[in-house]
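Throw the hints in and build the complete structure from the sequences for me.
These are the residues of each chain, in order.
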Amino acid sequence: MNDDDIIIAIEERRFALAKRELDRKLKRFPTKSFYKAASAFCAFTMGDAVKATDDATALAKTIPSDPRTLKLLKTIFEGVGKQRDAIDVYANAVRKYPNAELLETWYDDSFMAFDTPLMLNSAKALYLFSKSSADYVSKFAMAQLIAGGSAEDISLAVLALHDCDLERDSHFYFLVGLLHSQLDEHSKVIALLNPYLPRNLDLTILYLDSLKKNLDWQDLFEECSRLIFEQNFDDYDSWKLLVTAAFKLGKPKDELASLITQSSRNALLATIYMNVTYGDDPLESIEAYYEAFKTKPCCFADLSAFELPEKFVQVLMNKRDLFKNHSKLTEEDIAEYRNLEVYCSQVKADPLQTSIESNLELSDFALRDIVQSLNTKVASPGLIKYVMCLESLSQKDPENFWFKSWLLNLYNMLGISPLVSANYKDLKIKMIQHDTISYKLSLDPSLANLKQLIDIYRFYLTSDAEVNHFLSKAKAEGLYTQIKDLYQFGQKLQFSLSKHLLIAKILKMSRMLNNDNYSYFVNIINTNKWKYLSDNFETFDNRDFEVDYNFQFKIARLELFAGEMSQTTKYVQLLYAKELLLSSNDEDLNLKLVKLFEKWLSQKSYRSTLSDLELQVLKIHLALFKVCKIAPTKDRTDQLNFLVKQLDFGKFKKSFLDQADPLSKRYRETITELVELKRNSRALCKESRVVSAVKQFKTDLRGFLEEDTPKKALKEIKTSFDKTHLGESFVEQQFKRIEDSLHTFDV
Amino acid sequence: MTSIKPFKMEDLFHLNTVNLDPFTENFNPLFYLSYLCDWPDLFFKSVEEDASSPTGHQISGYMMGKTEGSLLKKEWHTHITAVTVSRNYRRIHLASDLCSRLENITAVAPHETLFVDLFVKVTNTTARILYEKLGYSVYRRVVGYYGSTYPTDRNKLSDDDDAFDMRKSLPRDVDNETVRKNGEKVYVLPAEVAF
Numbered sequence: 001m002n003d004d005d006i007i008i009a010i011e012e013r014r015f016a017l018a019k020r021e022l023d024r025k026l027k028r029f030p031t032k033s034f035y036k037a038a039s040a041f042c043a044f045t046m047g048d049a050v051k052a053t054d055d056a057t058a059l060a061k062t063i064p065s066d067p068r069t070l071k072l073l074k075t076i077f078e079g080v081g082k083q084r085d086a087i088d089v090y091a092n093a094v095r096k097y098p099n100a101e102l103l104e105t106w107y108d109d110s111f112m113a114f115d116t117p118l119m120l121n122s123a124k125a126l127y128l129f130s131k132s133s134a135d136y137v138s139k140f141a142m143a144q145l146i147a148g149g150s151a152e153d154i155s156l157a158v159l160a161l162h163d164c165d166l167e168r169d170s171h172f173y174f175l176v177g178l179l180h181s182q183l184d185e186h187s188k189v190i191a192l193l194n195p196y197l198p199r200n201l202d203l204t205i206l207y208l209d210s211l212k213k214n215l216d217w218q219d220l221f222e223e224c225s226r227l228i229f230e231q232n233f234d235d236y237d238s239w240k241l242l243v244t245a246a247f248k249l250g251k252p253k254d255e256l257a258s259l260i261t262q263s264s265r266n267a268l269l270a271t272i273y274m275n276v277t278y279g280d281d282p283l284e285s286i287e288a289y290y291e292a293f294k295t296k297p298c299c300f301a302d303l304s305a306f307e308l309p310e311k312f313v314q315v316l317m318n319k320r321d322l323f324k325n326h327s328k329l330t331e332e333d334i335a336e337y338r339n340l341e342v343y344c345s346q347v348k349a350d351p352l353q354t355s356i357e358s359n360l361e362l363s364d365f366a367l368r369d370i371v372q373s374l375n376t377k378v379a380s381p382g383l384i385k386y387v388m389c390l391e392s393l394s395q396k397d398p399e400n401f402w403f404k405s406w407l408l409n410l411y412n413m414l415g416i417s418p419l420v421s422a423n424y425k426d427l428k429i430k431m432i433q434h435d436t437i438s439y440k441l442s443l444d445p446s447l448a449n450l451k452q453l454i455d456i457y458r459f460y461l462t463s464d465a466e467v468n469h470f471l472s473k474a475k476a477e478g479l480y481t482q483i484k485d486l487y488q489f490g491q492k493l494q495f496s497l498s499k500h501l502l503i504a505k506i507l508k509m510s511r512m513l514n515n516d517n518y519s520y521f522v523n524i525i526n527t528n529k530w531k532y533l534s535d536n537f538e539t540f541d542n543r544d545f546e547v548d549y550n551f552q553f554k555i556a557r558l559e560l561f562a563g564e565m566s567q568t569t570k571y572v573q574l575l576y577a578k579e580l581l582l583s584s585n586d587e588d589l590n591l592k593l594v595k596l597f598e599k600w601l602s603q604k605s606y607r608s609t610l611s612d613l614e615l616q617v618l619k620i621h622l623a624l625f626k627v628c629k630i631a632p633t634k635d636r637t638d639q640l641n642f643l644v645k646q647l648d649f650g651k652f653k654k655s656f657l658d659q660a661d662p663l664s665k666r667y668r669e670t671i672t673e674l675v676e677l678k679r680n681s682r683a684l685c686k687e688s689r690v691v692s693a694v695k696q697f698k699t700d701l702r703g704f705l706e707e708d709t710p711k712k713a714l715k716e717i718k719t720s721f722d723k724t725h726l727g728e729s730f731v732e733q734q735f736k737r738i739e740d741s742l743h744t745f746d747v
Numbered sequence: 001m002t003s004i005k006p007f008k009m010e011d012l013f014h015l016n017t018v019n020l021d022p023f024t025e026n027f028n029p030l031f032y033l034s035y036l037c038d039w040p041d042l043f044f045k046s047v048e049e050d051a052s053s054p055t056g057h058q059i060s061g062y063m064m065g066k067t068e069g070s071l072l073k074k075e076w077h078t079h080i081t082a083v084t085v086s087r088n089y090r091r092i093h094l095a096s097d098l099c100s101r102l103e104n105i106t107a108v109a110p111h112e113t114l115f116v117d118l119f120v121k122v123t124n125t126t127a128r129i130l131y132e133k134l135g136y137s138v139y140r141r142v143v144g145y146y147g148s149t150y151p152t153d154r155n156k157l158s159d160d161d162d163a164f165d166m167r168k169s170l171p172r173d174v175d176n177e178t179v180r181k182n183g184e185k186v187y188v189l190p191a192e193v194a195f
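For the protein sequence lines, the chains are L and C, in the order given.
At position 435 of the first sequence the residue is numbered 435 (UniProt numbering), and the sequence of numbers has no breaks.
At position 147 of the second sequence the residue is numbered 147 (UniProt numbering), and the sequence of numbers has no breaks.
The hints are simulated quantities; they were obtained by calculation from the structure and are not laboratory data.
Quick caveat, the model's predicted, so the values are computed rather than measured.
Where is the CB? At the ideal position from N, CA and C, for every residue including glycine.
There could be a bad hint or two in this list.
[What the hints assert, rightly or not] In silico SDA-like links for lysine to any residue, alpha-carbon gap of 20 Å or less:
(1) L:473 - C:41
(2) C:5 - L:198
(3) L:531 - L:460
(4) L:404 - L:446
[To be verified] Just a sample of chain L residues kept apart from chain C, beta carbon distances all over 12 Å, derived:
(5) 16
(6) 23
(7) 272
(8) 296
(9) 428
Right under this line is the structure:
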């Protein structure tokens, strides 16, 4: 077995084989640091943090120089939460043995681990090691581009770049130009890029930006003229710069206007911008734009950039009244009418009340009305009516994903997990979209739902490898126009909050279902526990809470997912601590975890990430952990009394279930929490008083669930539902679909 | 008020209003990454000013293109992999503008390709008409291009599975040798369109 295979065996948890090989190697090479480090790594992966830390610390003191040893030591120290020691591993080694291989490993490791401060340090160390190396100059400059080091280091990088023999391609010019720009040396950017032709889009944008910041109005005017009129680059930002430069140069407005001969959308909008910039009445130019684009969906999104003259607004209002009172509208009229309504919703003027019988062309109005009405609390009968309405609209216009997206939200609000799952699939949400939208997947525990969540997790596994491959490629090939974006993208994906929320959901669901996948995911958090539980643990929130408000009617975001929005890194840490305590039998570890868990539950910054119910349930878990997971403490009796008192279903019913609509996410989540609480209490605590309380809790919960309140509530809604607009068979079909999706829980 | 900017991987976090469209494909990161690293100039987006957005703009569409093929065999060309526009910015020729920009970039040095090509479903008449207006014509019918099983018979047509390979010649193809009339009647298998 070679050295790499030993590490692979450890990572794949084939410990017996790995240990046998390591023992053999250590007998043969007792002083070789790599095998000592591998042995410590093996202990770390097996969960023996004390031995791993002791062995790694002892080895680190000898300041080994083998790059593979250093890599393992850094992993162990990071894993056990010794961040300072992790940093020192490389820093001490390069101080004692400054050689190229060591420095390069340090740089590569910190770069691929997205450890930005270390990446900056190692890049500078590499450059200082050999200032004449083009490769090291490239790495040093790239680090400044990505992380924006000190002004001194950026200047040093720029100087080094000018002297090195890197290929002078567009990537190189972009790198040098952007570093000059970071130093506010705009005239140097201009001098650099002026002769470089043809400039690609990255360089064009940088060049225009530098001309503007350098107040170089004449060159800016000429460059924009060349782009727009000679190269047909119909780019609104360039149009605006052209107008600004002309104004700053004191060119007469007529002279500028005579240049704008095009009738493109950008040209018409630039004419309005010109009038506004020159302080003239823009009415005529606004009318000209409106006449050309009044039936296009972009119309008022474009005009929202300008203050519309009162006279023009009056014309719009009169037109709207005409349309409102006109029974027969052409397709063009309907398109314009819809735009006028978009405008009215922008300025909050007298919204038109529509109903389900509006024709398909006005369906956006119905969606707008539904979304706006959700601004105030809507009970389940109202939500069911909206569901029917959107299901009908979605059938008629299946290409309009806004209907499906809002159906997903409504089923979420109603707590109908199978239809949440079905709509999520129906929207064909894939790949990176999971990272931005999976927060909407509030699912009941079931094997099918668990599979759906694990399938999403697979995306993260493959994407990490994909990003690493291309990040290495971009680094090696000097793709400077892409490197910062790739680095930041990789960082956001690797430390994605959504990924950790997903792991927490999978852990909970797989544990509740006694599913085999549980051990895989527990291993993930167990191996990285001190990293995840450390105060330095940070994640990136890539979730998209805006998407549902970007349909043609722009509406301010509602608080539909307020609970999810408050779930931050601290929320993940609380859930991970709970899962670790549930899975661990190590008393020393449990004691540390209980202390941490108790401290966090008393801190506002952690408590604010939880709902009232979650906080209450976690407090009970804390008592369970104190009683069952650590050596008896002096407050054990108090904890037992607390448990017996709190494990009272009637209390939960009164405080949470009676306050929730039976057809709501809150209701379903409460039931799930209570089922889980009952199971965890039973599994953890063997104290007779608590066992009796849990038994009663289970009986009461089961009795409550047998009443099947959600189905009764749905039946009541169905009885009084007005079926005339949507047709009886359609409504019946939808009610059946919902009813079939309301299943009871297995207590 | 459309401006053109380079596409960035981080845009994928802000692309839902465009990519939730049922006809727009969502690829794995590998696919976007390979285009950004290999053909960065041919992957760009259109953005619209939006003061209410945290980024100050919203993405209205994007173009993903590449160059491939042998010049010797007269197959050196630009390929449109994906062009898509948000529902809120349709019917203003934005897709056409994105296509024209790609043509303009690749018609000249350093690319100087002979033609631009793309694939459309045989049944997607709307797209076919749009591309015909832009000067594209059907070069051949690729049998079973969108099918789930690999076809073996080039004469076994299926409107649901077949694609039209549409082309537009660029100035370098002086004699228009890379396009032809009645391409609808020329049937090929998917392996024959790989470069």
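If you test the structure against every hint from before, which numbers come out violated? 4, 7, 8 and 9
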